[in-house]
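S.K.: Residue strings, one per chain:
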Amino acid sequence: MPVRAVELAEQFETIEKQEHAARLAMWVFLGSETLLFAGLFALYAAYRVMYPADFHQALAHNDTVLGTVNTVVLITSSFTVALAVHYVREDKSRLAALLLGLSVAFGMTFLVVKFVEYADHIHHHALPAGMYTMANAPPAGAVMGQTLYWFMTALHGLHVVAGMIMLGVAAIGCARRRYGRHRFIIVENSGLYWHLVDIVWIFLWPLFYLVK
Amino acid sequence: MDPRGVGATHPDYMRAESGVRSWLLTKDHKRIALMFYGAVITFLMLGGIFALILRTELLTPETTIIDPMTYNQMFTLHGVTMVWLFLIPSIPAVFGNFVLPLMLGAKDLAFPRINLASFYVYVASAIIILTAMVLGGADTGWTFYVPYSSTSPTAVTWMGIGIFVNGVSSIMTALNFVVTTHTLRAQGLRWHRLPLFVWAIYGTSIIILFATPVLGLSLLLVAADHGLGLGIFDPRYGGDPVLFQHLFWFYSHPAVYIMILPSFAVISEVVCTFSQRPPASYRAIAYSSLGIAFIGFFTWGHHMFVAGMSEWDAGVFGGLSMFVAIFSAIKVFTWVATLRGGSIAFSTPMLYFLWFLFLFVFGGMTGVAVATQSLDVHWHDGYFVVAHFHFIMVGGALTAFLAAAHYWFPKMFGKLYDERVGLLTSVAVFIGFVFTFLPQFLLGNAGMPRRYYSYPPHFQWLNVLSTGGAWLLGAGLILALINLVVALKWGRRAGPNPWGSRSFEWITSSPPSKHNFDVTPIIERTPYDYHLSEEDARARSRAS
Ligand code: HEM
Ligand SMILES: [Cu+2]
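Each protein sequence line maps, in turn, to chains L and G. Reminder that position 80 of the first sequence reads as 131 in our numbering, one-by-one numbering, no gaps. Reminder that position 64 of the second sequence reads as 48 in our numbering, one-by-one numbering, no gaps.
Bear in mind the hints are in silico, worked out from the structure with no lab data behind them. Note that beta-carbon positions come from the ideal geometry of N, C-alpha and C, so glycine has one too. Please note that a few of the clues may not be correct.
What the hints assert, rightly or not - The calculated DSSO-like cross-link candidates involving lysine-lysine, where the alpha carbons are at most 30 Å apart (straight line), are: (1) Lys11/G <-> Lys68/L; (2) Lys473/G <-> Lys399/G; (3) Lys11/G <-> Lys498/G; (4) Lys143/L <-> Lys68/L; (5) Lys11/G <-> Lys473/G; (6) Lys498/G <-> Lys68/L.
What the hints assert, rightly or not - Using C-beta positions, here's what the derived DEER-type ranges look like: (7) Thr119/L <-> Arg220/G: 31 to 41 Å; (8) Ser294/G <-> Leu206/L: 50 to 60 Å; (9) Ala170/L <-> Arg435/G: 44 to 54 Å; (10) Met349/G <-> Trp78/L: 31 to 41 Å; (11) Arg435/G <-> Ala133/L: 48 to 58 Å; (12) Ala313/G <-> Ala170/L: 29 to 39 Å; (13) Phe92/L <-> Ala291/G: 17 to 27 Å; (14) Leu75/L <-> Val345/G: 34 to 44 Å.
When you get a sec, could you build the whole thing from the sequences and use the hints?
M.R.: Dropping the structure here:
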């Protein structure tokens, strides 16, 4: 199959510059995204200092096993993504497509596990603050712990979905050989984004599952 | 070389293609800039109408034209419209978009599609905000302080979402500017040859990228508190409203530099061009922008002196805030020193520079004053603060916006505006401004609180002055707009470089062709080489 020539946008003089621009943009964007979560981590820290015992109680019934399974799932997916980036550079686009597809499947697994957890919380009425229905609600600090848990994991979940879409698009492109040695910046960038999603979770995991 | 400038052999960017579609789907940074221009002016007028209604209401202590609830919604809308739909996007999205690539000798921004998308995201945010207004507005003030904002019966949820979407748009624009500055500089254009405009827009973009996500998050949380009853800041559920203030001001203090750094960008160019001199210290102006960008992130606490803060913290935040004043003073002194020995031309942009200088220095000094805890306790939430931030934000950013509108008018449209009318409207704007906001310092110092519908009768004469000033200011702005619109059609043709500037955007024809330059220039000089004749300067920025 003939390899398509790379499209050089008219504002760039060389492919190198064009790719440099795309890469730089992704890094700057990731820095910006990090600050979104930084705000939430700061909130978590502040409330945790305010209500140490209550947070303990709030997070006690989070299932460490499920949380850890999800961590392993995400780390594995980061690995398959990294492999995909490696192979697309070597022009093994089909293999890359396969690996990207696998990563999307891991993302799906993550979401399924997350929904199992959410369903369990709902069952136990462990809901964000304003949605508590039980008469004898736990102390305010514990409620706050739950609220933050929901908000932070849900926001992370949205990022997982966004990442899956990016990886999916990259996978289709690879399968059609639109991306290969001649053009892999999109694969690389979606990979970078996926690593961010992974890293954020690696911070969430201890906060909500390990340091009870 | 063609005397009409590089690129004059091609049709200009406005005529290069025709039809509505060619505008709405354009990826040309210049056309996108013009679309932003139209939108931004529309919102300035809308916000201005709200302001005039507010001021007219305050003509008398009793009900004048609107009821108290409408008043509350109106000042919120005024603040939201002015800050997010006018001030923040105005200079970057219009003039940054238009001239930054020209100054870099580039054919476009690095990501033209993202640029177009950012315009539509901006429009979407405006639609959401205006829809929220129709759904009952918000009566929280533009700061959305909890716990009131999470329980207010008005459409806070939609306001919050609208501003969040607005933030996405400015992040897209900022990302584009940063990457473009890094990757699309013409050959020979080293960092220390960048026009000062580029430095300041670059600094602004960095602040936008790192502050806006935090604002987005805090307003998203308020929207969730309001719409879903999440209660993250709700004391009933153990939430702490003061934490919201920390998050909000962590963004919003840097955001005031998002509004003022672009003004510095414009002013630096105007000063050099109209005094025909290089800046007294290029590095001082360039680096102080970065200094302000950096320090701006550590001063948010000065908005919360009375929200329960230890004296030690207040001292630290107060002290850090003073640093910003030092960087700003460096700029001011450098601009003034640039004028010395220059051949100064008192054209309209230069007049706006003078107003800018006066208002900014005055407003800045009152800022230093309110950053002192003891004084702030007296002035907080009073009209003194209203006067302070209007001096800086309106006096600074609006005059710079007007300076830019006149300065780059020939470049953007290839026409000259009427200079006498320009000078006249500029004076009207200044006098109107002073009459609007100077009395507010006195009102505030005498104890009139902000956001109040009524006041004791002995405050009336100052309020009448202020309202009269506001009408004059409004009239001045309308006249300035008319002057420019008339010039669009009937103005004399401007050459490529009517002001005799050495900056690179004037190398190309006015208006530029679709891809800015026929051939990418090679730059072998700084943008302020006024010791060179125009011919020599041209030769050293020759086409390859
Ligand atoms: C046409 C001239 C203007 C007049 C007469 C005017 C008047 C006012 C008035 C009466 C208020 C309410 C103050 C209070 O009750 O606390 C206000 C608030 C405010 N204005 Fe303006 N304004 C003008 C232009 C602007 C512009 C151009 C901006 C943006 C750069 C701006 C930004 C604000 C902000 C941020 C607030 C605070 C809103 C709040 O606290 O909720 N104003 N203005
Ligand atoms: Cu501040």
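S.K.: Indicate, hint by hint, whether the structure satisfies it.
M.R.: Hint by hint, here is what the structure shows:
A distance of roughly 19 Å separates the Cα atoms of Lys11/G and Lys68/L; the hinted pair therefore holds under the 30 Å criterion. For the hint pairing Lys473/G with Lys399/G, the CA-to-CA distance comes to about 8 Å; that is within 30 Å, so the pair holds. As the CA atoms of Lys11/G and Lys498/G are separated by approximately 10 Å, the hinted pair is consistent with the 30 Å bound. Only pairs whose Cα atoms come within 30 Å are accepted, and Lys143/L paired with Lys68/L is accepted, the gap being roughly 24 Å.
Between Lys11/G and Lys473/G, the direct Cα distance comes to roughly 25 Å. Compliance with the 30 Å bound is thereby established for this hinted pair. Of the pairs offered as hints, the one joining Lys498/G and Lys68/L holds, with about 22 Å between alpha carbons and a cut-off of 30 Å not exceeded. Distance hint check for Thr119/L and Arg220/G: the Cβ-Cβ separation is about 34 Å, which falls inside the suggested range of 31 to 41 Å. A beta carbon spacing of about 32 Å between Ser294/G and Leu206/L contradicts the range 50 to 60 Å that was offered as a hint.
Between Ala170/L and Arg435/G, the C-beta spacing of about 46 Å keeps the proposed range 44 to 54 Å intact. Against the hinted window of 31 to 41 Å, the Cβ-Cβ separation of Met349/G and Trp78/L comes to about 40 Å, which satisfies the hint. Between Arg435/G and Ala133/L the Cβ separation comes to about 54 Å, which falls inside the hinted range of 48 to 58 Å. At about 60 Å, the CB distance of Ala313/G to Ala170/L disagrees with the hint of 29 to 39 Å.
As the Cβ distance of Phe92/L to Ala291/G is approximately 22 Å, the hint placing it in 17 to 27 Å holds. A C-beta distance of roughly 37 Å is found between Leu75/L and Val345/G, which places it inside the suggested range of 34 to 44 Å.
The structure is inconsistent with the numbered hints 8, 12, although it conforms to all the rest.
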